[in-house]
Amino acid sequence: MKTWQTTLTFDSPRRGTFNITEEICRAVAQSGVTTGLCHLFIQHTSASLIITENADPSVRRDIEYWMRKNVLDGDPNYEHNYEGDDDMSGHIRTLLTETSLMVPVTSGRLNLGTWQGIFLYEHRTGRFRRKVVVTVQGE
Amino acid sequence: MKTWQTTLTFDSPRRGTFNITEEICRAVAQSGVTTGLCHLFIQHTSASLIITENADPSVRRDIEYWMRKNVLDGDPNYEHNYEGDDDMSGHIRTLLTETSLMVPVTSGRLNLGTWQGIFLYEHRTGRFRRKVVVTVQGE
Amino acid sequence: MKTWQTTLTFDSPRRGTFNITEEICRAVAQSGVTTGLCHLFIQHTSASLIITENADPSVRRDIEYWMRKNVLDGDPNYEHNYEGDDDMSGHIRTLLTETSLMVPVTSGRLNLGTWQGIFLYEHRTGRFRRKVVVTVQGE
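Protein chains in written order, with my numbering: chain A, -6 to 132; chain B, -6 to 132; chain C, -6 to 132.
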């Protein structure tokens, strides 16, 4: 068994979900692991990682609709608003989704289901550079 | 250290939570791992995995109540509704719970707390066949 | 590669978030792992683990505000209320956050982002003793 690790950088152009499945597949191939697990960890508290339906973009627009409706931007009851209306909502959205994901590796590939894709979910409305630590462990 | 992996299949009869703790315990015993981690990954975007109180079924009825109340079926604002009123709500419920779980293995057993059980949470109202990839890594 | 495991105990004085980053850093140092993953698992269903902004405590007060607003204590529609108004809300809050966390270990240290901290989130209003199983795997 071995551990392989790298850090990937993604530039988020705006609030929204961005498909990073291909970049993660490439990292798994580089790791040389055949059977094991691939762990992703985003080093931020206003951007997160999700696995969801990768076929129809309307799924991700509806996820964004639910978030906007249930995690208010600029709720007047928030104390923490130094960086604007998307500051505190970004932290709560991150909490409700995932800071890390773990996907099985089988026969040298990410063993995702047919409809699953991996997305970086940027919760801030501006542009940000986001780092994801990828760790692959296995045989 | 070694990696052991298998895929389990579960038939969900309807929307709701189904206790799969025993099947996972059996897989851990088969793996032969004494100290390590057991990872579960559901290969779907409308069914998820949760760890919650395993003693009183009313806990899981109340979780379902919260989900129904906060993640509307057939919200008229959803764009994605090809497969019915439970289509988009199923994706959002999956996002708010877990696509994967990781539980420690200690002395050859799942090291769950006294009140914890592992459940497959089916979010669609029909019948579905769901696959869970189990990976155990350790010594 | 090796697996290292221990159980830490934390006394929660009340509902709220408690920074446990330092205790986890110490466990990682004890493990002797240089490159790998650190897994935390809380053995309870009314307390959870979160990674969020560790600089300004108002972030965690706003998270608690969102939880109180969206996961009602003592909702009259809950069936499960044996241990009081914070019983069922504690289970739902746990579900919406995390029972386990996984953080990369790089150069012998937890590879958290600059603003990330690890917190135990106690959801019950009384005092509780909480156990967290720490497993470190790597080289």
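Hints are computed from structural coordinates only; laboratory data are not their basis.
Among the clues, some could well be false.
Unchecked claim - Once the Cα atoms are required to be at most 30 Å apart in a straight line, the calculated DSSO-like pairs of lysine-lysine come out as:
1) K124/B to K(-5)/B
2) K62/A to K(-5)/B
3) K124/C to K(-5)/C
4) K62/B to K124/A
5) K62/A to K62/C
6) K(-5)/A to K62/B
7) K124/A to K(-5)/C
Claimed, not checked - Here chain C is said to cover these stretches of chain A; the calculated rule only asks that three of the stretch's residues, wherever they fall, bring their Cβ under 8 Å from a Cβ of chain C:
8) 83 to 94
9) 103 to 109
For every residue, glycine included, the Cβ atom is placed at its ideal position computed from N, Cα and C.
Hints and how they fare:
| no. | hint | verdict |
| --- | --- | --- |
| 1 | K124/B to K(-5)/B | 23 Å, holds |
| 2 | K62/A to K(-5)/B | 45 Å, violated |
| 3 | K124/C to K(-5)/C | 23 Å, holds |
| 4 | K62/B to K124/A | 35 Å, violated |
| 5 | K62/A to K62/C | 14 Å, holds |
| 6 | K(-5)/A to K62/B | 46 Å, violated |
| 7 | K124/A to K(-5)/C | 27 Å, holds |
| 8 | 83 to 94 | holds (count 7) |
| 9 | 103 to 109 | violated (count 0) |
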